[in-house]
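K.L.:
Residue-level listing of the chains:
There are 4 protein chains.
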Amino acid sequence: MMKRVAILGATGLVGQRFIQLLYKHPWFEIAVLQSSGKSAGKTYGESVKWVIDTDIPVEISQLPVEPLNAESIVKEGIDIVFSALPSEIATDVEKELARRGLIVISNASPMRMEPDIPLINPEVNADHIEVLEIQRKKRGWSGAIVKVPNCTTSIFTLSLKPLYDDFGVKRVVVSSMQAISGAGLTGLPSMFIMDNLIPYIEGEEEKVEEESTKIFGSLGSDGILHNNNLLVSASCHRVMVLEGHTIAVFAELEKKNAAIEDIVRAMEEFKGNKIKGLNLPTQPEKPIIVRRELDRPQPRLDRYEGRGMSVVVGRIRHDKVFNGVKYIVLGSNTIRGAAGNGVLIAELLVRKGLV
Amino acid sequence: MMKRVAILGATGLVGQRFIQLLYKHPWFEIAVLQSSGKSAGKTYGESVKWVIDTDIPVEISQLPVEPLNAESIVKEGIDIVFSALPSEIATDVEKELARRGLIVISNASPMRMEPDIPLINPEVNADHIEVLEIQRKKRGWSGAIVKVPNCTTSIFTLSLKPLYDDFGVKRVVVSSMQAISGAGLTGLPSMFIMDNLIPYIEGEEEKVEEESTKIFGSLGSDGILHNNNLLVSASCHRVMVLEGHTIAVFAELEKKNAAIEDIVRAMEEFKGNKIKGLNLPTQPEKPIIVRRELDRPQPRLDRYEGRGMSVVVGRIRHDKVFNGVKYIVLGSNTIRGAAGNGVLIAELLVRKGLV
Amino acid sequence: MMKRVAILGATGLVGQRFIQLLYKHPWFEIAVLQSSGKSAGKTYGESVKWVIDTDIPVEISQLPVEPLNAESIVKEGIDIVFSALPSEIATDVEKELARRGLIVISNASPMRMEPDIPLINPEVNADHIEVLEIQRKKRGWSGAIVKVPNCTTSIFTLSLKPLYDDFGVKRVVVSSMQAISGAGLTGLPSMFIMDNLIPYIEGEEEKVEEESTKIFGSLGSDGILHNNNLLVSASCHRVMVLEGHTIAVFAELEKKNAAIEDIVRAMEEFKGNKIKGLNLPTQPEKPIIVRRELDRPQPRLDRYEGRGMSVVVGRIRHDKVFNGVKYIVLGSNTIRGAAGNGVLIAELLVRKGLV
Amino acid sequence: MMKRVAILGATGLVGQRFIQLLYKHPWFEIAVLQSSGKSAGKTYGESVKWVIDTDIPVEISQLPVEPLNAESIVKEGIDIVFSALPSEIATDVEKELARRGLIVISNASPMRMEPDIPLINPEVNADHIEVLEIQRKKRGWSGAIVKVPNCTTSIFTLSLKPLYDDFGVKRVVVSSMQAISGAGLTGLPSMFIMDNLIPYIEGEEEKVEEESTKIFGSLGSDGILHNNNLLVSASCHRVMVLEGHTIAVFAELEKKNAAIEDIVRAMEEFKGNKIKGLNLPTQPEKPIIVRRELDRPQPRLDRYEGRGMSVVVGRIRHDKVFNGVKYIVLGSNTIRGAAGNGVLIAELLVRKGLV
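So the protein sequences, as listed, match chains P, W, C and B.
Counting in the numbering used here, the first sequence runs from 1 upward without gaps.
Counting in the numbering used here, the second sequence runs from 1 upward without gaps.
Counting in the numbering used here, the third sequence runs from 1 upward without gaps.
Counting in the numbering used here, the fourth sequence runs from 1 upward without gaps.
Since the list gives no way to pick one copy over another, a pair counts as held whenever it fits inside one copy or between any two copies.
Here are the simulated lysine-lysine pairs, DSSO-like style, with alpha carbons at most 30 Å apart:
| id | residue 1 | residue 2 |
| --- | --- | --- |
| 1 | Lys-170 | Lys-255 |
| 2 | Lys-320 | Lys-170 |
| 3 | Lys-320 | Lys-255 |
| 4 | Lys-286 | Lys-49 |
| 5 | Lys-49 | Lys-3 |
| 6 | Lys-276 | Lys-24 |
None of these hints come from the bench; they were simulated from the model.
Can you build the whole structure from these sequences, using the hints too?
P.N.:
Quick look at the structure:
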């Protein structure tokens, strides 16, 4: 039985990725598109400025784009709502939908830090989904809200998971080089980035630092408890790359003197333990791909590994400052870091019988 | 009295910057151009692929480009030789010139780690020039070799100096985003960097890590001693920016709980103490410019501050991992990080009466 | 006696260029800045997103930005108004100012085709300024409106002028590669142009085709008459270049079998005849610079020739299709093609005693 | 029965495309890789600097790369040789192979203009293949050489074919914006093209002008006769796009006053008449795709239409200068303009029983 899904913010960049990933999805059927902008009343094909290099599917192109509207979603018998709404308006819309019984999987950043809102990077903390019980009790919702982490956080924490499990991680320095697609379809004027980089992304460093400790946290009686043994410091930068966030990671491990080859092996053999064996359609066979060439990963060459759901790690080497390890990790920010992660969460919920 | 100078590797990118900086220099006169390549026999204008946006000076354009040749340099009565030769051939040429009495200021990386070869970032360690006495005694040279540090090292150590002096620095993590001009005129094919970044630059991380501890080292009886109290870990990356290396720095300070405003002040008030008051022509009035905007420094906007000799620092903020400080520093890699630094060293030598 | 000037649309990209060119101008003093946007009430420094690589002059940075407001301009005793307003709002504002006695030099495209509105590329048709008499009579204005041509038109027609004068020009095909700065400060999202080009610029081809025939037109009793002997066909494209429009021109000449060297000479010797000898401060010494290298002009290397006021022509060669000539011309779109042209027009008006 | 093929110049950019297109090809099997460079003795995986975003097939990666060597090709029982050799060495190698009985399909430009060497853009002039009889007789070869046209020529002439057939074409102006991949893997240093364009590509304009008249020529008794009724004038430019040549075309038609909708229809309905119905594996279903949006085609979005074998045409509109038509055409330069065209020619030869 196909689940009927709605996409909010369907004409934006993450919305476009949702359409690309959900079209012909074996479990989901795109039934409703809504947008907060001026698109209402037009078809999707007329209103979207499509920038993905595979064409818009013809059926989707002909769907109407509705204005934001919970009523219509309820009436249409939607099972799951994917929200790629702007932060300013997301919260009200998402809460109303949850109140009215809908499962909302949201890419918007507000509410990510609330303890009863699960923030899920499936291979890392799929079990945090259990907090939904607390959420429903506390808020009296028949639906629920699940948040997708920030793009850089998703890519970074996925790469860190096997180190965390096998060697312990205490402190991590993270320096990102983020693609322009992370700023959305029209968020970054070309005059600002051409022959340039911007060493600042509003709110990003805080997101990486705080979301990471929530993702590596544990379930308490009141919600998710942050992991206080993990310290993350981030510096985030925008560079002239279309797609794919590249992150330099410097980590202090609890297990001192871990051999580099053991770290490589831990990453390569990582099966995404929290969802291992679930065979979700969007689940990458290898969540982490390790490249041994000296100069990889590179965004243009490696960003779509595992259909954009794998992260690619390279240059795993000894770090002097922490007597630890440093490495480079790359992932697709709009797939692994946004829409793909949302779809994977939806599949997890279906498999767990929560939808 | 003008000093007569020669430029080796004159047609390369650093060579072009040397010409731009030395033309109409108040103390120096360009007398000889030499090249290791196929340019010999042609004029400079015929052989160079000039990529700087100010035109080649007409007189320089008409100078002959000689093949590498110590004889001619001696015969021409040259006072200072600026070497921007490729690493593979630099050492032999430079040693012969030093042996024959010439002062060689070299941008080539070999020999930078030899204890009796001064590695000078003038504002940081101009006093290391005293090691030349040891060098001459040990090697029996009437001339001398002085090395210009690696581009990233130069920019990074200049920004670190006031922190080092006022707060003490123990450990530093450095993550660079380096311009394509750092790879030389033809070193980086466009197919490799377009819509991409390359998270590896051969030998760069070792250079940053080891040259920094030499620059912050001290003069011993046998040469420069590395500073063993300073630990640096670097990750170096090439990005699609024409000129200007941007570096994210995370530093652990000895003085805990230093206030951010004190750090800002230390940087702003830094006068380049080792050459303070020398009034060298290429010396920037403010070696470090601090920007308070959230999103600066940016390479396209800030790279030529202080005629390319200042570094620009921004986003000075608290760092969680070290309970220290993190910031961004930007500098012109071909000026502050290469030719400009070389010219500044030459001026220092003149002022000290060493030329 | 300094003339007091106002800049409308001061925070946009052309507005920024106006400030760069008018600051410390020998004849003009920036007295009022106005903006149609949200800047009102702030200082210029607070409200502008400055993207030019020379810093904002400190005095200008502290000027207030007023909302659009003719009253204030009149009260301040402004002599000349430079308008870089968006097309949608320019016409009403500019007409009101002209009615109230102000000389308005406008970069906005509306009204460019009205016969009594001079469209001036000074070296080409400075004499069209005489149409102001008709304008004033017809419209009852004590002030006046003068229009700056479209950026591509300005660069193209300047290069065509010596061919037109010396050889006659019948038909011209124009294919442009236009810089992103032509779309304004925030007009072109980076996601649209990265690793891409856009073969369409709204209204641009019509502007090039029609404005050119007006610029090469003549003064009739009712206004400017288009030149009906000149036919222009344009194809306009946006490419990933920061600044500098490059145009491929294919021209059919009346004088058949003109020697290439004669055409080169005509361009090189062109003195900007319509303003020759006027010694206007912004007037380039050589309006057209001819490069003989096979691969020039190039935007990054040549765009600021003559302080951005010269155009650079190269690759002058025989054209098979017209048995005519083809060449490449490059110019700074925001200087020669916009603000610089506006300032040059203002200087012309002052010299002619019209201000 | 699979044909065994060799690829010469296998590590270059066109060589990489050949591998991508020939791997798992239904008719061809990659048996031998040769290179003129330093790769000899290594495996393909070790020697290639792979820049295509699909991974190297593992089997291919393990193949040895041989030095250029006709003997080995003969011994290995190769049926078809694809040559992507550098111009300087291609001719001798290709002639020797043809002499020794091999069918050589060559992307190298030398010999393209020789009358007995077919220059094939299959949908346009597949019938020119008949000149091979003359070639063999004249040269005494048991093998043969067939040339792939220049990349820009291939894309341009394919788009022109339906106009030529249905409306007659007399004169055409062509202005190209060519991708950096057209310069080969390492041909264009990033320092030359960053924030820039280069309005010159050596030999390119002559190739477009002369190859086009050969492709639209006819078979005479001595070889292919150029079409003297067609005049082409080209201006060729390199822009900062990874892949995909975009061409502005201005055409004078014999049939005056052709309606734009008729021209659109002719292009859309074009079936590639010279190979219509042959069902070759690499043959695109629609050789020409017409887009109706105002701002298409765009390289990043449209370059891989028809698996890179279709060209995409847009902005078909009236042209003033010729009272004709102008339009934009885009195609993948390394597929449609190089390797893909070569494979399509090979398939044609197989279907015709010539291999």
